[in-house]
Amino acid sequence: MKPLKIAMMSLTHGHTRKYYQTLRDNPKLDWVASCAEDQRAKDVYDLYQTGVPCYLDPEQMFAEHPDIEAVVLASANSKHMEQVRFCAERGIHILSMKIPTFNMEEYDEMIELCDKAGIVCQVELEMHYNPVVLRLKKLLQEGAIGKILASQATNITLSPVWAFPWQGVPEDSFGSRVPLKDGDPRFRGGALCDHPHIFDLIRWLTNSDFDYIYSQVAPNLRKDLQVEDMLLANGKMKDGTAFLFDPSWSRLEERIPVPAPGWEVFPKRMEVNLVITGEKGVLACDCFGPNVYHNGAPNDRYTVQYTYFDEWIGLIDEFVDCCRNGKQPKINLRWHKQTIQAMLGCYESVKSNQPVCINA
Amino acid sequence: MCCEAMNKALLELCEKYSVSARGTISFEDGNFVLECNCGKKTILLPWRVERRFFELKKFLTDGTLEDLSTLRFCTVKHGGCLKKQIAKELDLAAFFTGSPVKSVFAVCAGEKGAAANIIAKLENDVNVSIECSTKLPAGNDPIDRHELIAARGVASDQTVDTQTPHASVYVYNDKGESRYTDTDTELFGFSYDEIWTIRAAFAALSDTSLFDVWNDAYATMMRGAEAAIASDEQKKVMFL
Numbered sequence: 001m002k003p004l005k006i007a008m009m010s011l012t013h014g015h016t017r018k019y020y021q022t023l024r025d026n027p028k029l030d031w032v033a034s035c036a037e038d039q040r041a042k043d044v045y046d047l048y049q050t051g052v053p054c055y056l057d058p059e060q061m062f063a064e065h066p067d068i069e070a071v072v073l074a075s076a077n078s079k080h081m082e083q084v085r086f087c088a089e090r091g092i093h094i095l096s097m098k099i100p101t102f103n104m105e106e107y108d109e110m111i112e113l114c115d116k117a118g119i120v121c122q123v124e125l126e127m128h129y130n131p132v133v134l135r136l137k138k139l140l141q142e143g144a145i146g147k148i149l150a151s152q153a154t155n156i157t158l159s160p161v162w163a164f165p166w167q168g169v170p171e172d173s174f175g176s177r178v179p180l181k182d183g184d185p186r187f188r189g190g191a192l193c194d195h196p197h198i199f200d201l202i203r204w205l206t207n208s209d210f211d212y213i214y215s216q217v218a219p220n221l222r223k224d225l226q227v228e229d230m231l232l233a234n235g236k237m238k239d240g241t242a243f244l245f246d247p248s249w250s251r252l253e254e255r256i257p258v259p260a261p262g263w264e265v266f267p268k269r270m271e272v273n274l275v276i277t278g279e280k281g282v283l284a285c286d287c288f289g290p291n292v293y294h295n296g297a298p299n300d301r302y303t304v305q306y307t308y309f310d311e312w313i314g315l316i317d318e319f320v321d322c323c324r325n326g327k328q329p330k331i332n333l334r335w336h337k338q339t340i341q342a343m344l345g346c347y348e349s350v351k352s353n354q355p356v357c358i359n360a
Numbered sequence: 001m002c003c004e005a006m007n008k009a010l011l012e013l014c015e016k017y018s019v020s021a022r023g024t025i026s027f028e029d030g031n032f033v034l035e036c037n038c039g040k041k042t043i044l045l046p047w048r049v050e051r052r053f054f055e056l057k058k059f060l061t062d063g064t065l066e067d068l069s070t071l072r073f074c075t076v077k078h079g080g081c082l083k084k085q086i087a088k089e090l091d092l093a094a095f096f097t098g099s100p101v102k103s104v105f106a107v108c109a110g111e112k113g114a115a116a117n118i119i120a121k122l123e124n125d126v127n128v129s130i131e132c133s134t135k136l137p138a139g140n141d142p143i144d145r146h147e148l149i150a151a152r153g154v155a156s157d158q159t160v161d162t163q164t165p166h167a168s169v170y171v172y173n174d175k176g177e178s179r180y181t182d183t184d185t186e187l188f189g190f191s192y193d194e195i196w197t198i199r200a201a202f203a204a205l206s207d208t209s210l211f212d213v214w215n216d217a218y219a220t221m222m223r224g225a226e227a228a229i230a231s232d233e234q235k236k237v238m239f240l
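Residue numbers (the numbering used here), protein chains in the order written: chain L, 1 to 360; chain P, 1 to 240.
Any given hint could be a false lead.
[Said to hold, decoys possible] Once the Cα atoms are required to be at most 20 Å apart in a straight line, the calculated PhoX-like pairs of lysine-lysine come out as:
#  : chain 1 : residue 1 : chain 2 : residue 2
1  : P       : Lys57     : P       : Lys77
2  : L       : Lys138    : L       : Lys181
3  : L       : Lys351    : L       : Lys330
4  : L       : Lys238    : P       : Lys236
5  : L       : Lys2      : L       : Lys42
6  : L       : Lys351    : P       : Lys83
7  : P       : Lys102    : L       : Lys181
8  : P       : Lys112    : P       : Lys83
9  : L       : Lys181    : L       : Lys330
10 : L       : Lys137    : L       : Lys147
11 : L       : Lys147    : P       : Lys77
12 : L       : Lys181    : P       : Lys236
13 : P       : Lys102    : P       : Lys77
14 : P       : Lys83     : P       : Lys236
15 : P       : Lys16     : P       : Lys57
16 : P       : Lys102    : P       : Lys83
17 : L       : Lys238    : P       : Lys102
18 : L       : Lys18     : L       : Lys28
19 : L       : Lys337    : L       : Lys138
20 : P       : Lys88     : L       : Lys351
21 : L       : Lys28     : L       : Lys280
22 : L       : Lys137    : L       : Lys18
23 : P       : Lys16     : P       : Lys102
24 : P       : Lys112    : L       : Lys280
25 : P       : Lys40     : P       : Lys77
26 : L       : Lys147    : L       : Lys238
27 : L       : Lys280    : L       : Lys137
28 : L       : Lys280    : P       : Lys57
29 : L       : Lys351    : P       : Lys77
30 : P       : Lys57     : L       : Lys147
31 : L       : Lys330    : L       : Lys138
32 : L       : Lys18     : L       : Lys42
33 : P       : Lys84     : P       : Lys58
[Claimed, not checked] Quick look at which bits of chain L chain P covers, simulated, 3 or more residues with Cβ under 8 Å:
#  : segment
34 : 218-230
35 : 236-250
36 : 257-271
37 : 332-346
By construction, these hints were calculated from the structure, which means they are not laboratory data. Every residue, glycine too, gets a C-beta built ideally from N, C-alpha and C.
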């Protein structure tokens, strides 16, 4: 199969650097160019020495590389709509970051544009390609604990805002400046917007949709943020499964401008764990590990060092397969829409202080 | 658990430490109750004297943690009363922080209260999440976790990057695996739960003002648990 000519745009998303190795190593890809949002993003990109040319103007990149077939939109959420329009006009396949947009009119426009252009738009939800999650799904399908009754899931991390400032700006992260609730100085656009995975995973594991959801914000750990960094959500799926999610930025970090060793203040900077109660038993799952540990450089602080992050391999494999063979990716815009609606439901619940029905 | 043996140990502790009050532990309606010879009676709240919880609370009072934001609790057991499980965790939240529960919203699942996922708000604005399950198969040690997340510091009774509690001793032999966690030399030989029941009774006899404190706390925590169950039934946040 002919390698897919691919490019990256913006380079301001927190996941940008995670693509570098996969884009270089995957024989099904030919990574031909990148285009940075601004000089700062280009300077950071240059630190990684990918050897792939980087532009500051997307028009110039496409003029220099007219054979680009697909792009990774590694940009702030607020940039996605205009970039989807840009790609759809040119018939370029899209690998979107995890939040296409929180504006549901824009969301529907994205679906329409991609349909009309006949392009693939795959949403990057890498947990689908995580081997522990695959094992979890297999165990549940085999009836290891019977029918799922309740699930608790964490998607907790440090906050990326110091390295990726747009994630702390309501207009760039949420898409507009919406207060969390009356009397609260904070705005939508924080930790919740960074952590859609567990909202997606519960749909995948139960094969059911959201019925209702309740969410509650807590006092921020980082007093200088405009957006929420601590919140909880619970509710029910339509099949009766009770869920409890923690999508917080509850692990503190050093405020460094580029992710690097020593980023962590809390020893473990990221966790996706589940405890699932079934009719016949209980299952506990840590999606990342086993890990290794050290208390060496740079801060002599006890630190959990992850041993693998290979989710991007499966994700890219699926993307190339869809582009080359005209398939629809599992996480396409239509599938992902209810996940976004559930996250919006959380914000509505925070505002009303009552549970909110999710109407698909 | 054997009340006779626990009462004997309680008497020995009172005599050793010259505590004049005397009392009797009994098991009534699913609770351990202490009746004092002074006429007072209380349901015991052993978690309030359990060392790990005492130490976690101390982190909040001695300034080790600053600006508490969220408490995350988990308890997975074999059987038992889900409402009491919820009540205990709500009491721990109030006990740790000294702040009463303001509101609760629960989602329950399964017949006869198999599981519940609860979000509570304390009067001091701290968030609390509680995951309760009674579906752990018989023969397994209970699994629980209590995490305190603050602007300065995170504390937990579970090690970082683990999913289940540790034991002190693991034995692997031709009978399989055995685990032992001994926490009290004076009460060596009693089970973990028996130890904290005896210690709670001893604490109450040593300071009889605890009888009133615990009776009030028990009533409050049961009201909280009932509100949680009602919030599930009515799909509505309940304010206490």
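Here is what the structure says about each hint:
| no. | hint | in the structure |
| --- | --- | --- |
| 1 | P:Lys57 - P:Lys77 | violated, 23 Å |
| 2 | L:Lys138 - L:Lys181 | violated, 41 Å |
| 3 | L:Lys351 - L:Lys330 | violated, 32 Å |
| 4 | L:Lys238 - P:Lys236 | holds, 17 Å |
| 5 | L:Lys2 - L:Lys42 | violated, 29 Å |
| 6 | L:Lys351 - P:Lys83 | violated, 29 Å |
| 7 | P:Lys102 - L:Lys181 | holds, 18 Å |
| 8 | P:Lys112 - P:Lys83 | holds, 10 Å |
| 9 | L:Lys181 - L:Lys330 | violated, 35 Å |
| 10 | L:Lys137 - L:Lys147 | holds, 12 Å |
| 11 | L:Lys147 - P:Lys77 | holds, 18 Å |
| 12 | L:Lys181 - P:Lys236 | holds, 18 Å |
| 13 | P:Lys102 - P:Lys77 | violated, 26 Å |
| 14 | P:Lys83 - P:Lys236 | holds, 18 Å |
| 15 | P:Lys16 - P:Lys57 | violated, 28 Å |
| 16 | P:Lys102 - P:Lys83 | holds, 18 Å |
| 17 | L:Lys238 - P:Lys102 | violated, 29 Å |
| 18 | L:Lys18 - L:Lys28 | holds, 17 Å |
| 19 | L:Lys337 - L:Lys138 | violated, 25 Å |
| 20 | P:Lys88 - L:Lys351 | violated, 29 Å |
| 21 | L:Lys28 - L:Lys280 | violated, 43 Å |
| 22 | L:Lys137 - L:Lys18 | violated, 25 Å |
| 23 | P:Lys16 - P:Lys102 | violated, 42 Å |
| 24 | P:Lys112 - L:Lys280 | holds, 14 Å |
| 25 | P:Lys40 - P:Lys77 | violated, 32 Å |
| 26 | L:Lys147 - L:Lys238 | holds, 14 Å |
| 27 | L:Lys280 - L:Lys137 | holds, 16 Å |
| 28 | L:Lys280 - P:Lys57 | violated, 35 Å |
| 29 | L:Lys351 - P:Lys77 | violated, 35 Å |
| 30 | P:Lys57 - L:Lys147 | violated, 37 Å |
| 31 | L:Lys330 - L:Lys138 | holds, 17 Å |
| 32 | L:Lys18 - L:Lys42 | holds, 16 Å |
| 33 | P:Lys84 - P:Lys58 | violated, 25 Å |
| 34 | 218-230 | holds (count 7) |
| 35 | 236-250 | holds (count 9) |
| 36 | 257-271 | holds (count 3) |
| 37 | 332-346 | violated (count 0) |
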